[in-house]
Amino acid sequence: MLTKEEVLKIARLARLELTDDEVSFYQNRLGRVLDYMTELKGIETREGTGVRHVPLDSEKFRNDEVVTFPDKEALLQNAPALEEGGFLLPAIMETE
Amino acid sequence: MSDLREKYEAVIGLEVHAQLLTKSKMFCACANQYGAEINTNICPVCTGQPGALPTVNQRAVELGIRAAIALDCQIRSESIFARKNYFYPDLPKGYQISQYEKPYCEHGKITVRLKSGEEKTFGITRIHFEEDAGKNVHASHGTVVNLNRAGVPLIEIVSEPDMRNSHEAGQYLRALHSILRYGDICDGNMEQGNFRCDANISVRKRGETKFGTKVELKNINSFRFVEKAIDYEIDRQIDMVEKNEPIRQQTRTWNSAKNITELMREKESAHDYRYFPEPDLSPLVISSAWLEDIKKVMPEMPVQVRERFQKEYGLSDYDAGVLTASKDLALYYQEAVKVSNNSKASANWVANELLGRLNAAGKEIDQSPVKSDQLGDLIIRIDKSEISGKIAKTVFEEMFATGRNPGDIIKEKGLVQISDTGAIEAAIDKVIAANPTQVADYKAGKVKLLAFFVGQVMKETKGQANPGMVNELVKKKLD
Ligand SMILES: [Zn+2]
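Protein chains in written order, with the numbering used here: chain C, 50 to 145; chain Y, 1038 to 1516.
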């Protein structure tokens, strides 16, 4: 279980407004996610334990060449509103 | 305030975001291009479409490594990209790809020259890669987001809190800017936001070792404004401490119209960015072979240019240091020498006359009204004895005020030096006729009077006679 304060903090960071019911719902739900992570931590992953370790490859690079994405309209269409080619959003309020 | 400044000490650390000179963005192939039409350089990656995956721009990493080499940093062979999570409309993914626990390099340093002539070394804590955010344009009915800049490659260079006053901070920034420009790492354009500076400032009583509460100054877009803002902030904080008012942890910005810093936001606690390793990217591996390849093609750095100027142009270490303070200045000087063919005179004119005037006018070298070839032209005219050094200063003044060519000014104002023996002799005759007593004294052995006659002849010719010839001809006439 997470505390009420922890849930409210996460909600604030995610810019979500929660009702009291939702807060207690997430106290339980997010708590279960954390419990599951704790359980995963207990798994023996050292060599020879049968759990396969996938080595991280080094990052492959991309050459510095410009490729223009052909379907910008599709990207803009996802916006709730557009103004002269820009994504139009409600005015930003500084909350911090 | 100066007494109080003695009692307190400021502690300043700087964070610089420098845009890397690449063709494409950091994690996608969209163009890294300033001033393009709104939302033209966008793709699924930089607009944060679900399922789109980032790929690392090799050139961006190379340029970052150049900066690391130039700033004497320790380069990590394996660094990790991390997600910095926060919500803002210009950040479509809801996180910025950056580096956190394991940046690609740390523990560097930079040496700067202070106006006292003293050299001082400041520590660089770390440099890490990150992507830029988009741009919010505030309109009356809402915010319009342009994502052309989202994903453009940046390095963030974080200094140690080693600076103690605005001058040191200003010189640190100038030196850093210069290194990035010399290395073709960043174009340094501050108006376009390609080199941005944030400053952390706190004050404490001298002798104290604990840091005071720091205030962050953000988004200052010129060296001079950084210096002014820091000075203002130091005085403001000292004033508050003196009045026993608590200094609040804040983010402030510089208002250049009012010459004050203004509150942007209160910072109750550190941001909760919930950094974690970027699962979409593997570790960034920098092999020693790659590092060597990059070293081989490193452009000339300020220290090297300074040495070359001493060898090639016979300049003193000091002059070479002054003339290589920025890449633009070094280029200006080289071009002036190319025209004038006189490295010493060019150094004097650039370092003394030109820089002095630019400083007084609050201008940088790229805003000089006198172009390098015009200055070279002026020096040629002095060397050819077309004008005297003294007249040249008048001509230069006019060039600086109007941007006109020296030849035109000399012609228009009739400033050409008189090197015609007949004309000079005529002037000498006039002076001799007007000063019989002095002539008699001279002939009686008072040879010091020679200077008097030369001065009178120069006056007679309005300073335009060739001084060497006057000297010689006066002697000949009187002896
Ligand atoms: Zn893109």
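Keep in mind the hints are simulated off the structure, nothing from the lab.
Take the hints with a grain of salt, since some may be wrong.
Claimed, not checked - Here are the computed lysine to aspartate or glutamate pairs in the DMTMM-like style, where the Cα-Cα straight-line distance is at most 25 angstroms:
hint : chain 1 : residue 1 : chain 2 : residue 2
1    : C       : Lys90     : Y       : Asp1109
2    : Y       : Lys1121   : C       : Glu54
3    : Y       : Lys1121   : C       : Glu55
4    : Y       : Lys1172   : C       : Glu132
5    : C       : Lys58     : Y       : Glu1143
6    : C       : Lys121    : Y       : Glu1074
7    : C       : Lys90     : Y       : Asp1317
8    : Y       : Lys1130   : C       : Glu93
9    : C       : Lys109    : Y       : Glu1279
10   : Y       : Lys1130   : C       : Glu66
11   : C       : Lys109    : Y       : Asp1235
12   : C       : Lys58     : Y       : Glu1315
13   : Y       : Lys1400   : Y       : Asp1276
Unchecked claim - One side of the interface only, derived from the structure: several residues of chain C facing chain Y at Cβ under 8 angstroms:
hint : residue
14   : Phe110
15   : Val116
16   : Leu124
17   : Leu125
18   : Gln126
19   : Leu138
20   : Pro139
Claimed, not checked - Quick list of simulated restraints, FRET-style, between CB atoms:
hint : chain 1 : residue 1 : chain 2 : residue 2 : range
21   : Y       : Leu1300   : C       : Phe74     : 16 to 22 angstroms
22   : C       : Ala140    : Y       : Val1322   : 40 to 46 angstroms
23   : Y       : Ser1177   : C       : Ala128    : 14 to 20 angstroms
24   : Y       : Lys1408   : C       : Pro119    : 42 to 48 angstroms
25   : Y       : Ser1177   : C       : Asn127    : 33 to 39 angstroms
The beta-carbon is built from N, C-alpha and C at its ideal position, and this holds for glycine as well.
Now the hints, each set against the structure:
no., hint, in the structure
1, Lys90/C with Asp1109/Y, "violated (40 angstroms)"
2, Lys1121/Y with Glu54/C, "holds (22 angstroms)"
3, Lys1121/Y with Glu55/C, "holds (20 angstroms)"
4, Lys1172/Y with Glu132/C, "holds (14 angstroms)"
5, Lys58/C with Glu1143/Y, "violated (33 angstroms)"
6, Lys121/C with Glu1074/Y, "holds (12 angstroms)"
7, Lys90/C with Asp1317/Y, "holds (22 angstroms)"
8, Lys1130/Y with Glu93/C, "violated (34 angstroms)"
9, Lys109/C with Glu1279/Y, "violated (56 angstroms)"
10, Lys1130/Y with Glu66/C, "holds (20 angstroms)"
11, Lys109/C with Asp1235/Y, "violated (33 angstroms)"
12, Lys58/C with Glu1315/Y, "holds (23 angstroms)"
13, Lys1400/Y with Asp1276/Y, "violated (32 angstroms)"
14, Phe110, "holds (4 angstroms)"
15, Val116, "holds (4 angstroms)"
16, Leu124, "holds (5 angstroms)"
17, Leu125, "holds (7 angstroms)"
18, Gln126, "violated (11 angstroms)"
19, Leu138, "holds (5 angstroms)"
20, Pro139, "holds (5 angstroms)"
21, Leu1300/Y with Phe74/C: 16 to 22 angstroms, "violated (38 angstroms)"
22, Ala140/C with Val1322/Y: 40 to 46 angstroms, "holds (44 angstroms)"
23, Ser1177/Y with Ala128/C: 14 to 20 angstroms, "holds (19 angstroms)"
24, Lys1408/Y with Pro119/C: 42 to 48 angstroms, "holds (44 angstroms)"
25, Ser1177/Y with Asn127/C: 33 to 39 angstroms, "violated (24 angstroms)"
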